[in-house]
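K.L.:
Single-letter residue listing:
2 protein chains.
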Amino acid sequence: MKHSIQTFLRRSTLAFRCLAIAAVVSIATISSAQPTLFGFNDSTSAQQRQMETQFDTLIDRAEMDRWLREFSSQAHHVGSPKSKENAEAIAALLRSWNYDVEIAEYEVLFPEPLTRELELVAPTRFTASLMEDPIDGDASTSNTDNLLPSYNAFSTDGEVEAELVFVNYGTPADYELLERYGVSVAGKIAISKYGGSWRGIKPKLAGEMGAIGTLIYSDPADDGYGPGDVYPEGPYKNDSGVQRGSVMDMPTYPGDVLTPGVGATGDVNRLSREEAPTITQIPVLPISYRDALPLLEAMGGAVVPKEWRGGLPITYHLGPGPARVRLKLEFDWKMVTAYNVIARLEGTSMPDQWIIRGNHHDGWNHGAADPLSGIVAMLAEAKAVSRLAESGYPPARTIIYAAWDAEEPGLIGSTEWAEHHAAELQEHAVAYLNTDGNGRGFVNVGGSHVLERFFNEIMSDVEDPQTGVSVQQRRRANLRINGGSEKIRNEAKNRSDLRISPLGSGSDYTPFLQHLGIASANMGFGGHSGGGSYHTMYDTYEHYSKWIDPGLIYGRTLAQFAGRATLRLANAPRLPFDFQGFTDNVSGYIEEIETLADDMREKTATDNLDIDSGVYGLVLDPTKTFGPPIPKPAVPHFNFAPLKNALARLEDSAAAYQNLAMTGAAASANQNYLLYTSERELIREEGLTGRPWYKHHIYAPGFYTGYGVKTIPGVREAIEQRQYNQVAGQIDIAAEVLTNLAVRLDELVER
Amino acid sequence: MKHSIQTFLRRSTLAFRCLAIAAVVSIATISSAQPTLFGFNDSTSAQQRQMETQFDTLIDRAEMDRWLREFSSQAHHVGSPKSKENAEAIAALLRSWNYDVEIAEYEVLFPEPLTRELELVAPTRFTASLMEDPIDGDASTSNTDNLLPSYNAFSTDGEVEAELVFVNYGTPADYELLERYGVSVAGKIAISKYGGSWRGIKPKLAGEMGAIGTLIYSDPADDGYGPGDVYPEGPYKNDSGVQRGSVMDMPTYPGDVLTPGVGATGDVNRLSREEAPTITQIPVLPISYRDALPLLEAMGGAVVPKEWRGGLPITYHLGPGPARVRLKLEFDWKMVTAYNVIARLEGTSMPDQWIIRGNHHDGWNHGAADPLSGIVAMLAEAKAVSRLAESGYPPARTIIYAAWDAEEPGLIGSTEWAEHHAAELQEHAVAYLNTDGNGRGFVNVGGSHVLERFFNEIMSDVEDPQTGVSVQQRRRANLRINGGSEKIRNEAKNRSDLRISPLGSGSDYTPFLQHLGIASANMGFGGHSGGGSYHTMYDTYEHYSKWIDPGLIYGRTLAQFAGRATLRLANAPRLPFDFQGFTDNVSGYIEEIETLADDMREKTATDNLDIDSGVYGLVLDPTKTFGPPIPKPAVPHFNFAPLKNALARLEDSAAAYQNLAMTGAAASANQNYLLYTSERELIREEGLTGRPWYKHHIYAPGFYTGYGVKTIPGVREAIEQRQYNQVAGQIDIAAEVLTNLAVRLDELVER
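Order-wise, the sequence lines are chains U and P. 1 is the number of the first residue of the first sequence in the numbering used here; add one for each residue after it. 1 is the number of the first residue of the second sequence in the numbering used here; add one for each residue after it.
These are computed hints drawn from the structure, not numbers from a lab. Fair warning: this is a prediction, and the values are worked out from it, not measured in the lab. Don't be surprised by glycine CBs; every beta carbon is placed ideally from N, CA and C. Just to be clear, a hint being listed does not mean it is correct.
Claimed, not checked - To give an idea of the interface, some chain P residues facing chain U are shown, with a C-beta separation under 7 Å as derived from the structure: (1) Asp229; (2) Val303; (3) Arg309.
Said to hold, decoys possible - Negatives, chain P to chain U, calculated, CB over 12 Å: (4) Ala92; (5) Leu93; (6) Thr252; (7) Val268; (8) Ala396; (9) Glu457; (10) Thr705; (11) Glu747.
Same shape as in the complex, but just chain U (with noise of 0.2 Å):
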């Protein structure tokens, strides 16, 4: 039976494959049984999943793909033309769907690039084109009118020469190793590869270290002709491609620079531009593997180590020098208006209690993939929304479906907008549900913990259209092959709820979680898109369709989950939030701190033994320049009790609710408010130290990876980056608002 299935499967052909799969899996197909919702009573779950049902009926793949046809048209990023048309056009349909819709505007600061020139001036020349080919078939990569030229936003203006150093990805272990070589950045300018880190750490790193200048290109072994054919042969970056985008210092805070912590309107005090400390110290300018070859072929210097090699037909060297250039920017450092469209759908019965649900509409060109698959899914699930209200299903909460504009140079719109209304959104906001551009394969769901067990019910519910099977069974059966660890893999096959992903940054839910503590999700599907149109002049419509979700099949997806996300939020009688499901993550972060601590303890103290020892100088090729590791301090055990004390008091209080809350009974008014305001106690005023503006205690970007997470980051990073007299304090910290939150939880309970 076995070898004959397998044999089957593997020899019939795709179509036969899809329907093999669907009758060799047991379990598969959306469950008939249908549970009570988490929040539900058996009568309002068994109305609310009747009216999924309708809704799904509503989501029409032909007219989103005529919107996304019509948005992508020309390049739409914050401060064109077509942004403000767009818009303006997605505010009118909302209209059109009896939204209450308004265009908030803000006044935001947005460099265009006046010069670009990048030349090798030495040992040979050679002037960089900085230029993207036009492709014959993708008729929009020749519609270039607003288009802009690749760069890098927020570098700021210069003009550098110097010879250049290779720093890999140009994260912190990438300069440790360029130490052990003894070789420095200082005075010279870095050339990094794209990946390893979020972009806008390269020449924030590489300033910190002494460089004058930075170059970021796309090496074609992560993402260019490595991983398949380039457009247009296949979706991956051609040797023209260059991956544009912002490199403010995000980790500090986002949004515009001039106005931290405060929306951009007219009349805001503004730092100066030379006050802004989210502008790079330093220029900086992506370029294509095209451009960047010439550069690195001619370096010389010491051979890169293996694990920095990248996919040019080269040796790469370090450097410094020969190859030296001359790197000049100029920015029109322009005042912009950034549109974002708000439209509102009050509730019936709850309506001071808002679901807040975005997806940015600018991109850095014709951003078909990015932002726009997004926003047709989420346009698509307003409208049916709106149908479902107009037919007898209107929302019990307020639903405001956001558009922002000038996400792409930093979360612009959305911060402006949330730091604008911050006090009334601290108060009204239950939640805030973003997407952003969407791809093909697994379901991804980041977001608060205390939405895991409500985002597993909708996993449960929604069926992937590929296979047959419910988004969360594909995933599931995607980490028990996949999952990077074998904690992660068993978990996929016992755990009852997968988990969700703590959030870093990289879209617009940072501002709502990170700087109001607003609950928040970030939603979207992927792993079978694979492609380098990301921030290139190719994300066009042409390439989205036929690479990334040819008929948006899981576009449509899309707009059953995340409209599922809403509606639930919107109509729960007792709001889903689980306690226990965020308990069991925070366990394991601290798990995590623990070991990491314990790891870098032990590796310092061999590494220190062996340095000291001299077996380094024993093990090294004493005709090369790779010197031994750098020495560092001891690392000292830290008192972990605060924190787990107060971890274990919260676990009490988390299963004291989930008693009152598995009662079905509903929630009043000020339950609910008492829960949907408990992510409020996660955050500080004083924020975390050195970014006040980051004031969520569990999530934050990391201020040396830019987009991905630090869970606890206070302490994590205080160990990370060895500021071990900081320990203390961070623990308590954490394990202060992990009281707060028990305290919380114990109030609702007696009430």
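Fit chain P to the given chain U structure using the hints.
P.N.:
For chain P alone, coordinates are given in the frame of chain U:
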């Protein structure tokens, strides 16, 4: 203190660094305490050491350098005029040092190419040049007299035309993955990278899978511009370089393909060429990455998995086709004479006990690194040994120096001599000590585990020329930092003796160890002498002297190292065989094999479950051809008790023998005989299943790895190849040889 030394080390010049290293290593430099050598008593040990001090002064690097230059002045493969000339020159030197020298001749089959044609015939046309470029500044590369073009010896003749299939390294695991893509090589031509297994495995497996031809190329990611600058800018393989080499089925038997098991003397019965099972079934040709590029670039089909990607600036595809090639190979199947130089220095007190010390003299080309860097060290050693004999230190046992011919095409010279003299060797040979091409860096010793302790004494006594510490201490430091597993790193810190590697194949020890059961070892230095000259036209004096071991400083160290091994074995009153080191290693192998079975059992069960339940169907991209793994039969539990009981008994016997040996009493002639013939207890006349030439049941080259060793091969390969019904029988056989060795040790103790 830590930091200041560190800073000093990093900032100082190289010359300073070496001094600094010596200064901080507290346990550095060779101990002056000079413990009594194993197998000697205090007095004979002191005398031996005194002799060795004198020995060191006799090693002359300048003379070695002259020999190296002279012997490598022209290509000198078996059958070439220069090979005969070198043999005669070596014989003349040894005769001049008063050795009793003969040139032992064997008549062996050796194919030389007549026709080598490789063309891409579709979808475009390209004719491979199959030529290596001469290099300005390396005069040897312009001296192509008698130079063999690039080819694989013992490829069959043939002309084939078919589509290409990319098979990565052409290992069993690669074909398993290829099957998941639905790609078969049947009727196709396989194109494989060099590496991952011994080259002869590639056409062997491709042929078993139905391919009609094989191309092997050196991918620049592994062996070209990836690891470093290419020749002549650096030591690495340039785009025209081709690795020659034998592809005879050495894991079945090495040596002359027509005379398995017997010496290829003039009158012996020979197989016909058609009968010879070790000639490949399909034609195979090695090519450069310059010639491979147009072929690979023209391929289509699925994109290769990430781990299979190489370093060419293309997307790698699996095929089959559309690239279609025509390959035509014709060979002159010549009978040539192999000239082994055999030089004998009669022992004074135990002339019937022979220490055999060998290194081959034939090369694929100029052969400076391979093999001449080894042979000049052996000659320096032989000269010094003869000078010592003249000055009052004649060896107690007979020493035989052997310079083998025809190693490159398949260990032919050594194998024929060993087969020819099998009976007397089994009676008289104490040990076989091998060297081959030498490099720079760390000492590497592989060999019979009874010699582990012996070699650790030598490692402790020989000084590393770059750091001034013992070569053992330097190797220990390297394992401590770079050891491939935690076990290895911990043992480097804590185990008193460093392990010596078990021997697979790849040089002339194989017939002695694995066919005749003579304790053997292979010695050399490496780790800091990267490069790509191996078996190319660029293995010249110029390349070697510039990039591998300038000044032959490690050539001298090798002579010191191997010379000590020869002299100590020749003089030890009790042969320094240690059986506790042997049992400790064998115990580890048994554990490894049990873990292997357990891991295979668990993995097979998990995979089969995931396949049967359809999980893979949910994970894989339905738009791609990549399918689930192939289900495999469940792995049963095996009874390892007989093997472990035999080992336990052997451990007792080894401990008892150790007690005897540690008394310091000299051994009788008969005790020494029983000692050195103990290795014969580990072979069985029947040999391994399917390859009776290989008779050793502890060490064998892997049937599907080629050079890579398989310890306790009968048991291990039966499990690996999932021949479960053979495992119990193989466990019994392995138990039997261990028991036989225990009986032998008991006999030694009782006498």
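K.L.:
Run every hint past the structure and note whether it holds.
P.N.:
Status of the hints after comparison with the structure:
1. Of the supplied interface hints, the one on Asp229/P holds, with its beta-carbon coming within about 5 Å of a beta-carbon of chain U, less than 7 Å.
2. With 7 Å as the threshold, the beta carbon of Val303/P comes within range of chain U, its nearest partner Cβ sitting at about 5 Å, so the hint holds.
3. A least Cβ separation of about 6 Å between Arg309/P and chain U falls short of the 7 Å threshold, and the interface hint therefore holds.
4. With a cut of 12 Å on Cβ distances, Ala92/P stays outside the contact zone with chain U, its closest approach being about 36 Å.
5. Every C-beta of chain U lies more than 12 Å from that of Leu93/P, the closest at about 32 Å, which supports listing it as non-interface.
6. For Thr252/P, the requirement that its beta carbon stay farther than 12 Å from each beta carbon of chain U is met, with the minimum near 31 Å.
7. Look at Val268/P: its CB is around 49 Å from the nearest CB on chain U, clear of 12 Å, so calling it non-interface holds up.
8. At roughly 36 Å, the least C-beta separation between Ala396/P and chain U is larger than 12 Å, which holds for a residue marked as non-interface.
9. Here Glu457/P stays apart from chain U, with its beta-carbon at least about 20 Å from theirs, past the 12 Å limit.
10. Even its closest Cβ contact with chain U, about 23 Å, leaves Thr705/P beyond 12 Å, as expected for a residue assigned away from the interface.
11. Annotated as non-interface, Glu747/P keeps its C-beta farther than 12 Å from every C-beta of chain U; the closest such distance is 43 Å.
Every hint from the earlier list agrees with this structure, and none is contradicted.
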